[in-house]
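Using the hints, position chain L against chain Z.
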Amino acid sequence: MAERIYAAPIVDPSMKPVWDAAAEGRLLIGLCKDTGRHFYYPRGASPFTLSPNVEVVQATGRGTIYSYTVMRVAQPYACAYVELEEGPRLFTNIVDCAFEEIRIGMKVRVVFRPTQDAEGAAGAPVPMFAPA
Amino acid sequence: MSLRGRACIVGAYEHPTRKAEDKSVAQLHAEVAFGALQDAGLSKDDIDGYFCAGDAPGMGPLAMADYLGLDRLSHVDSTDIGGSSYLAHVAHAAAAIALGRCNIALITLAGRPRSEGMATGTGARAQNAQVPDDPFEIPMGRTVAGSYAMCAMRHMHEFGTTSEDLAWIKVAASHHAQHNPHAMLKKVVTVEEVVNSPLVADPLHRLDCCVISDGGGALIVARPEIARSLKRPVIAVRGTGEAIKGQFGGYPDLTFSGARFSGARAFAEAGVTPADIRYASIYDSFTITVLIQLEDLGFCAKGDGGRFVRDGNLISGVGKLPFNTDGGGLCNNHPANRGGMTKVIEAVRQLRGEAHPAVQVADCGLALAHGTGGLLGHRHGSATLILERE
Numbered sequence: 001m002a003e004r005i006y007a008a009p010i011v012d013p014s015m016k017p018v019w020d021a022a023a024e025g026r027l028l029i030g031l032c033k034d035t036g037r038h039f040y041y042p043r044g045a046s047p048f049t050l051s052p053n054v055e056v057v058q059a060t061g062r063g064t065i066y067s068y069t070v071m072r073v074a075q076p077y078a079c080a081y082v083e084l085e086e087g088p089r090l091f092t093n094i095v096d097c098a099f100e101e102i103r104i105g106m107k108v109r110v111v112f113r114p115t116q117d118a119e120g121a122a123g124a125p126v127p128m129f130a131p132a
Numbered sequence: 001m002s003l004r005g006r007a008c009i010v011g012a013y014e015h016p017t018r019k020a021e022d023k024s025v026a027q028l029h030a031e032v033a034f035g036a037l038q039d040a041g042l043s044k045d046d047i048d049g050y051f052c053a054g055d056a057p058g059m060g061p062l063a064m065a066d067y068l069g070l071d072r073l074s075h076v077d078s079t080d081i082g083g084s085s086y087l088a089h090v091a092h093a094a095a096a097i098a099l100g101r102c103n104i105a106l107i108t109l110a111g112r113p114r115s116e117g118m119a120t121g122t123g124a125r126a127q128n129a130q131v132p133d134d135p136f137e138i139p140m141g142r143t144v145a146g147s148y149a150m151c152a153m154r155h156m157h158e159f160g161t162t163s164e165d166l167a168w169i170k171v172a173a174s175h176h177a178q179h180n181p182h183a184m185l186k187k188v189v190t191v192e193e194v195v196n197s198p199l200v201a202d203p204l205h206r207l208d209c210c211v212i213s214d215g216g217g218a219l220i221v222a223r224p225e226i227a228r229s230l231k232r233p234v235i236a237v238r239g240t241g242e243a244i245k246g247q248f249g250g251y252p253d254l255t256f257s258g259a260r261f262s263g264a265r266a267f268a269e270a271g272v273t274p275a276d277i278r279y280a281s282i283y284d285s286f287t288i289t290v291l292i293q294l295e296d297l298g299f300c301a302k303g304d305g306g307r308f309v310r311d312g313n314l315i316s317g318v319g320k321l322p323f324n325t326d327g328g329g330l331c332n333n334h335p336a337n338r339g340g341m342t343k344v345i346e347a348v349r350q351l352r353g354e355a356h357p358a359v360q361v362a363d364c365g366l367a368l369a370h371g372t373g374g375l376l377g378h379r380h381g382s383a384t385l386i387l388e389r390e
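So the protein sequences, as listed, match chains Z and L.
Residue 54 in full-length UniProt numbering is what sits at position 54 of the first sequence, and the numbering runs on without skipping anything.
Residue 323 in full-length UniProt numbering is what sits at position 323 of the second sequence, and the numbering runs on without skipping anything.
By construction, these hints were calculated from the structure, which means they are not laboratory data.
Keep in mind that a hint or two might mislead.
To be verified - Some chain L residues near chain Z, calculated using beta-carbon distances under 10 Å: (1) Thr122; (2) Val200; (3) Phe248.
We treat Cβ as the ideally placed atom computed from N, Cα and C, and that holds for glycine.
Pulled out of the complex, with its shape left as it was, chain L reads as follows:
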């Protein structure tokens, strides 16, 4: 069964906070859920499907479903593939709707790593005795930034990608963020400023890294007949793909990501090609994440990412592939250290024509959103969505 056209995104809401010192994670989940329901013109008791991931406190969906008062649920799913979870949730919601297991699904994300002072990128993590890779990797200083940095180093070695190429990705994000009043980093930066910012994990500089922010977001996915009865533009799920990329038993290739597989699956289901995509939300935990995913999704050939992103090619109104027009994780926010939710939300804004006028893509009828969750250089999840305005 294809999921093409089997469900629509009818509600989307991004929390405006970037630092929520006086709120609980559960409260943030409630606020984004309420915001998405208001956006859709629906109410809590319309929800019969609920999706959340590891940022949701409690066992799977249990604590949050109870806290939110979701007492009419006939379908739940707490798949956790890190920051890419929420794109997978949209696909899973579409599948559940297609199977008749629910009609209107809520997906929530929220967290407050900034208020908690988390050293997300460079901090050491504790070993879990049950996780088989931990004893072989955590004593070696496995970190988020280091994992992505090794991918960048290898990509540079094999393909001649430069720090200046990577910097163009941040520059493009900053050009978009200047128009977003909620963005953490609104200042437009130059390639020189990026490459002259301090190294965090060679070859990645501070400005190659995303922000650490509090906040969250929520989506409502509904049966197409319901979507057409509501007042908002109808945004159909046209293609979906998921993948996991690990180490292949100790033979990792750091130059590609799971997007190679999830993207191909999503394009096949949608029956379109990268050339048809008008706008792309591309996961941007680091600049290298964007570059490798763009190649893997087929927007350019493997190894050509550096040339592809140069000279503002990702800037709306300037280049061929406008990306992350909210400023993305690099400049806007990265709530709960998981950027997949906001990737979908900005794609929905673009398809509705509700992005900031300075970055709105003209006649945006087909958009892609893609997420990577986990560690690019160790093991990660990938999820791709192709969305269409009806």
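The following block holds chain Z by itself, in its conformation from the complex:
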């Protein structure tokens, strides 16, 4: 069955670098420079200290599945939290994998999928994960 059409993310001006990188196939995540801890989703303040001393950095794009579900809707899809090598758990979809083969702990890697807005125009691609 064909994959569902992914909705284009609304690109907030402050998040433009993140979505521009996605268009180049790069996954950016937040880094709190005060604590050295990575965070997700990216934002302009550290969720650990509230300090503005943050930046976006490129993730390896490798991780493992922390949990998942298969949505049994007309066009089924698999949602998951993937734990990145850098630490954060990111809400995403598992693609290029038969649903019955998905397991917690499975090694996965990021793959970007194209998106469409309500008018059918192309949006920024979104980070999904496939078996590594």
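This is chain L only, laid out in the frame that chain Z set:
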């Protein structure tokens, strides 16, 4: 300041409708408000505090306060933490009463997602440009059912919880719902029927999910001296707790809920323990919601929820912890997709001795009501109440 004993629930009313095709949401709010006032033996002009959440049409409390003709209000609050809002409202009303900001507070909830054909659990939601998480989650197909399902999957992985364990929660609810003439699902179901119902979001089956219903409910909270002057049994607010659980900057643990924090706060304020609770209303948007909250509230250890709910332990007259004796969201109703109001109402019925005789808990003097609002696996509100019959 402790809120223990500072306010009482003097009126409670659950709308009997489950499908209100010919009524507006505002009208449903009016009908439940009137019902709760009649139950309390009070009238509209006695109300000087009003509480509502996001189901109320209009800006905060403005449209509904005007529609209901509440023109003597000295205190309003429109805190919205989803389905747990109404339990928080009881605590906020108690605080406002304790501070002298109002004397008699009305809390209303109403909605009609069933008539509107809402795909509550599995439907895609629109992004809000101002909500920072939406662009990172909605294109990924964030849904209500999917969020709770991922919690169930992880709980099974870490603790060996099974679909059969979860099914026992639905079975218990159905045993209670058979006695409720208003319940949407009155048929008693078996564990086999639950686990053989179609998957909605693995590992949750159709019968692991609550119903989608129209309706509503209302509560009246009053100063204790006023409560004692009325003719109804006095149900005191003994303990209250609230919490928000988010993603901790990208480090969510899907095996516990905000109940861990709100429950501990409520028990501390009440000065009681889970072993003292005779009846519990536990938010049941899905079976997994109940299991995780029971652990977090301290009715059993983390990870032991599956064993705790097995073999009818939640069935009134059978098990150790009778829960949701109206049939709950799983079988009775889930008005406006927000089940916190009906959780409080059934706890009040139990404490008054007014639950259906087949499910009434003997000598029910202390009850707990707990709600989770929002998405268990993403971000949610939690509110816990411990209520006592004087």
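Cross-check of the supplied hints:
no., hint, result
1, Thr122, "holds (5 Å)"
2, Val200, "holds (6 Å)"
3, Phe248, "holds (7 Å)"
This entry satisfies every hint, going by the numbered hints stated previously.
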